[in-house]
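Chemist: Take a look at the letters that make up each chain.
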Amino acid sequence: QKEVEQDPGPLSVPEGAIVSLNCTYSNSAFQYFMWYRQYSRKGPELLMYTYSSGNKEDGRFTAQVDKSSKYISLFIRDSQPSDSATYLCAAQGVIQGAQKLVFGQGTRLTINP
Amino acid sequence: DAGVIQSPRHEVTEMGQEVTLRCKPISGHNSLFWYRQTMMRGLELLIYFNNNVPIDDSGMPEDRFSAKMPNASFSTLKIQPSEPRDSAVYFCASSLGPWRASSYNEQFFGPGTRLTVL
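Just so you know, the sequences run in chain order A and B.
Position 77 (the first sequence) corresponds to 77 in our numbering; numbering is contiguous.
Position 16 (the second sequence) corresponds to 16 in our numbering; numbering is contiguous.
By construction, these hints were calculated from the structure, which means they are not laboratory data.
Predicted, not measured: the structure shown is a model, and the values here were computed from it.
Ideal Cβ placement from N, Cα and C applies to all residues, glycine included.
Treat the hints with caution; some may be incorrect.
Per label pair, the in silico range of CB-to-CB distance [claimed, not checked]: (1) A/A29 <-> B/E62: 19 to 29 angstroms; (2) A/A17 <-> B/K78: 42 to 52 angstroms; (3) B/S103 <-> A/E3: 38 to 48 angstroms; (4) B/R9 <-> A/E3: 28 to 38 angstroms; (5) A/S82 <-> B/S73: 31 to 41 angstroms; (6) B/D63 <-> A/E15: 46 to 56 angstroms; (7) B/I5 <-> A/D58: 21 to 31 angstroms; (8) A/P14 <-> B/P54: 40 to 50 angstroms; (9) A/K42 <-> B/K78: 19 to 29 angstroms.
Make a model of the complete structure from these sequences and hints.
Modeler: Below, the structure is given as structure tokens:
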């Protein structure tokens, strides 16, 4: 079992739709959770990060972490064609004394005008 | 700031050849990371350095892979000998503080080197 699981998609939605992207993780020792956006042929760029459980909002983007169910979510409101990219979730923490940073597979998202 | 710089952007080589990928982190950043991204395995952390010192290379797939950071502004990832299964996009990233999993420091990624081993 991968430590961070993410449905690779692809996911295609019409412009203006609400997008929900999700990941699950296996180890409760993960403490920091990140979402990265990666445009084609570019490096990932950080969208948001959260510590432990809770919500964080930044404009049209909301990140949620539910540590009880080990579930990470990213919501995009009023989606735009410029949001078309691959979205990577990641989890970070100290596990059995080792520093761990693990990424999900990435979900390819297309917003259709 | 120019961001993280990687070279070359594309590399095509034949199996058995030595490959050297280069990275210049953002000036003033203390941590440097090497990642590999493939369709099958996604983005994987290979090794990271804090203050030019390799801290954890447990992600390096085999002894054929080695990484060095001779100074704060330069790092290399070398594959010798290269194999077709090494074909991937290799990213370098840097962050401001020494990286620890118990705290958060944003990582800034370079544009990547697309490696093809024939």
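Chemist: So, for every hint listed, does it hold in this structure?
Modeler: Structure-based check of each hint:
1. A/A29 <-> B/E62: 19 to 29 angstroms: Distance hint for A/A29, B/E62 holds at roughly 27 angstroms.
2. A/A17 <-> B/K78: 42 to 52 angstroms: Roughly 46 angstroms apart at Cβ, these two residues keep to the hinted range, so it holds.
3. B/S103 <-> A/E3: 38 to 48 angstroms: violated, 20 angstroms
4. B/R9 <-> A/E3: 28 to 38 angstroms: holds, 30 angstroms
5. A/S82 <-> B/S73: 31 to 41 angstroms: holds, 33 angstroms
6. B/D63 <-> A/E15: 46 to 56 angstroms: holds, 50 angstroms
7. B/I5 <-> A/D58: 21 to 31 angstroms: Once the Cβ atoms are compared, 28 angstroms apart, the range 21 to 31 angstroms for A/D58 and B/I5 holds.
8. A/P14 <-> B/P54: 40 to 50 angstroms: Since the Cβ atoms of A/P14 and B/P54 sit about 47 angstroms apart, the hinted range of 40 to 50 angstroms holds.
9. A/K42 <-> B/K78: 19 to 29 angstroms: For B/K78 against A/K42, whose Cβ atoms are near 24 angstroms apart, the range 19 to 29 angstroms holds.
Of the hints listed earlier, the one the structure fails to meet is number 3.
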